[in-house]
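A.B. asks: Protein sequence lines correspond, in order, to chains E and Z.
Using the working numbering, the first residue of the first sequence is number 1, and each one after it goes up by one.
Using the working numbering, the first residue of the second sequence is number 1, and each one after it goes up by one.
It should be emphasised that the hints constitute simulated quantities derived from the structure, not laboratory data.
Hints may contain errors.
No distinction is drawn between identical chains; accordingly, a pair holds when it is met within one copy or between any pair of copies.
[Unchecked claim] Computed list of lysine-lysine pairs in PhoX-like fashion (alpha-carbon distance at most 20 Å, straight line):
#1 Lys24 with Lys434
#2 Lys70 with Lys185
#3 Lys70 with Lys356
#4 Lys447 with Lys475
#5 Lys13 with Lys475
2 protein chains.
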Amino acid sequence: MLELLDLDRKISKTALERTFPDMKTRLGDCQRAVRAAGVPVVIVFEGWDAAGKGTIINHLAQALDPRGFKVHPVVAATEAERARPWMWRFWNALPAAGNFAIFDRSWYGRVLRDRVEEAVHEGQWRQAYEEVEEFERQLADSGVVLVKFWLHVGRGEQKRRFKRIRQDPATAWRVGKQERRQHRKYKEWLVAVEEMLQRTDRPHAPWTVVEATQERFVRMKVFETVLRAVDAELDRRRREPPPSRQPMPEPPAAPPAQPTILDRVDLKQSLTRPEYEKQLGALQERLFQLEHRLYTARVPAVIVYEGWDAAGKGGNIRRLTQGLDPRGYEVVPIGVPTTEELAHHYLWRFWRQVPKAGHIAIFDRSWYGRVLVERVEGLSTEAEWRRAFTEVNQFEHQLVEFGTAVVKFWLHIDQEEQLRRFQERQGNSHRQWKITGEDWRNRDKWKQYSVAVVEMLERTSTTYAPWTILEADCKLHARVKALRTVADALERALDRA
Amino acid sequence: MLELLDLDRKISKTALERTFPDMKTRLGDCQRAVRAAGVPVVIVFEGWDAAGKGTIINHLAQALDPRGFKVHPVVAATEAERARPWMWRFWNALPAAGNFAIFDRSWYGRVLRDRVEEAVHEGQWRQAYEEVEEFERQLADSGVVLVKFWLHVGRGEQKRRFKRIRQDPATAWRVGKQERRQHRKYKEWLVAVEEMLQRTDRPHAPWTVVEATQERFVRMKVFETVLRAVDAELDRRRREPPPSRQPMPEPPAAPPAQPTILDRVDLKQSLTRPEYEKQLGALQERLFQLEHRLYTARVPAVIVYEGWDAAGKGGNIRRLTQGLDPRGYEVVPIGVPTTEELAHHYLWRFWRQVPKAGHIAIFDRSWYGRVLVERVEGLSTEAEWRRAFTEVNQFEHQLVEFGTAVVKFWLHIDQEEQLRRFQERQGNSHRQWKITGEDWRNRDKWKQYSVAVVEMLERTSTTYAPWTILEADCKLHARVKALRTVADALERALDRA
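Looking at chain E on its own, in the form it has when it is part of the complex:
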């Protein structure tokens, strides 16, 4: 496909001067509309070395209000980035609603440079394709406008440009080994580029190939494309009815359905205190050893606690961390999202908390809020919480692929036990703060939550990141089971490493 491009496409200086000022004004207007409508815009520039990515990005930067965009040059991964799954840096860089993020190179590096230079093996770049497609689909689903450019120059043109860059002492360093290697391997690159363009050209994330021999032509085509893409999304939003967010109705009582996975939980399981104390000490010692082994092996771990109010998450987490070295773990409490978090894809705040290699992150509530409280209370649309099942599976898959041990707990108690605990808290002056009107309101929706919990467990318990239900009427039993489950999972992850 690329060899058929007319790389001589040009535009005269007069034509540019006639139309470009108006285009810049339109982009300014467009940016204000984007801000007003709360649309996040992601613009990706890929292309041959020396194809002029920097120049066109600077033209966009000149036309945009700096309060609404950020340029992300994607250079070699930093220490912090190498210590996380490779998509981490891109999730972190996502724009808030109403903002532009401009990527100078992007997540396509893995299927281009890393592939051609054999920095990753075939399995890795093939899997990268799947992850990239999933990533872009998730962005588009959440309302992000995605515009992707491939800046194309011929081999001869690239050679001429390298020569010019090398002649200027200020820029000579920019043509290094890597750039010369690309030039030598132009043909191998071409194969990879064509495959990339074909595989990842989607209606929600289309590629625009730009004949980049002439800077003026590039400028016109890029500006036009961005304007059209954004206008289309603004148009779509104007036409579409605002999404409906409804609290979940109470499920019908009869007929008595099949017992669910929650009904089958044996809440009678318990442990005597002497037995508990013996096992707890041994498990804490084992976890301390494992924490240090994780650190030296650079294996990360993610432990998720979800459960009914008053099921004992806090106390369970404390027993888990009691014997650990605080330099190796972090408890991440998940509360109501901040304004900044609400302005991003809902997984953004969790990606930011992904532990680095060798460290443990313990989530007190998690990304499952999407399919629990947000679903039940109608804080998300049905489309949003429905696709979240796939999104969290994919998220956890990326963690596991990186070598992370993922453990997920559902702390289960029955309604009577919860009532008993609520009442006990209210009678204790030091624990009163732990119980609020919201807890009582959640309790009224026990049936709705049950439906949501069962569906969550069924749809997100995967081979690589299974749920463990903790029978938590007896806290001692739940704690010991949690610690043992974590220890076993860490050991398995270490074995895999």
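Following the hints, put chain Z in place on chain E, whose structure we already have.
C.D. replies: Using the frame of chain E, we list chain Z on its own:
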């Protein structure tokens, strides 16, 4: 002083069991009071290797609600940290109002380990003392509670602990070269520690030396000390009248005072368009070259734009960046602070934006908002904006010490020119959005702003970070002067590097 400590101080298990549960409860209550009062708390743990910092931090972590604290292990600086002034990482880690930050080692590393191991020269660690003292004073001034612990064990005890740690395969790696070196050089360390404790023990940031032979004793002393320090601050806040924030009154008209620095600005300076275009092109080319030299020499630059509304900041910045490579600079627009930013020391959000070595950050408005809009509108107390003069000087000094080129512009126009521009904007449909009611309101306070601007220029124009006034009635002149000033400053910074 340290040799007189009774390192055998112990507490019986029964005594601990009698008092400790109550202490934990009190710390929980204290944390909720801290949150309610919006007090940030910083707890620093320094001490001998193997003195038990991890263990005591874990005890605190057990007693605190994870929603309100974060542990910061201060290990070797990361790539990102090495690319900024050394205090950057600590500013970034400061807690929001109502939160605890617990530092496992801290900013004292430079006057201890780096000093004893000769990783920094004498000038550096001596200067570090000054910066640390200024840092802690600034934190205390802004209402942060600072609690600093030195965990002390004797040389023999340290030896016994190293032996025990090495015997356990899980922890053996923790006694490495560095730890053995500390043990060998125990005496040299002791000298540095004593000096540190003496020099930096201040009423607002006191040290507590903890006899750390027995873990139980450490726990009691640390918990007690934290509780006392926080209670004292809560008490102080309850007693003190709420700070008064008053808009600045209009300054008296007569008697005609000495002409100020602003009165002396020659606004007649101008440039013809042909002359402008010639000079602009040459300057942009020169800046392009300098940007690349900065990058290879790893010299950062900070450029600050302040000025009257409609003085032409935006257009000036665009001419500055027009010829630059977008990978090397970032425009940082400073608007109304977010809730998160308001919950931190006001310099926190600017520290987060400090450019990394080799990069240029252009601030469209800046930390000077404290002594301009916040002063005039009464958004800060008088004490706050008054001490800001010293605080920003100190901030900029740290940037310059790191090798940063710091350029600061005040874009000056007169009242008539501003009126003309406001009216012109209102008459142009594409520029109307640029002018709001707030602009008109600011204009009404021209006299107040003039007083604030003059004082700002006089008090924060330093040898290392001087202000440049841009005579901006003629935009062309102001642009060319800005670009030339930046180019000259970058050259000087490169010469120094």
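A.B. asks: Indicate, hint by hint, whether the structure satisfies it.
C.D. replies: How the hints compare with the structure:
1. Lys24 with Lys434: between (55 Å within a copy, 16 Å between copies)
2. Lys70 with Lys185: neither (32 Å within a copy, 49 Å between copies)
3. Lys70 with Lys356: between (25 Å within a copy, 16 Å between copies)
4. Lys447 with Lys475: Cα proximity of lysine 447 and lysine 475: none, with 23 Å in one copy and 68 Å across.
5. Lys13 with Lys475: Neither way: lysine 13 and lysine 475 sit 76 Å apart in one copy and 26 Å across, limit 20 Å.
The structure does not agree with the numbered hints 2, 4, 5 stated previously, though it agrees with the rest.
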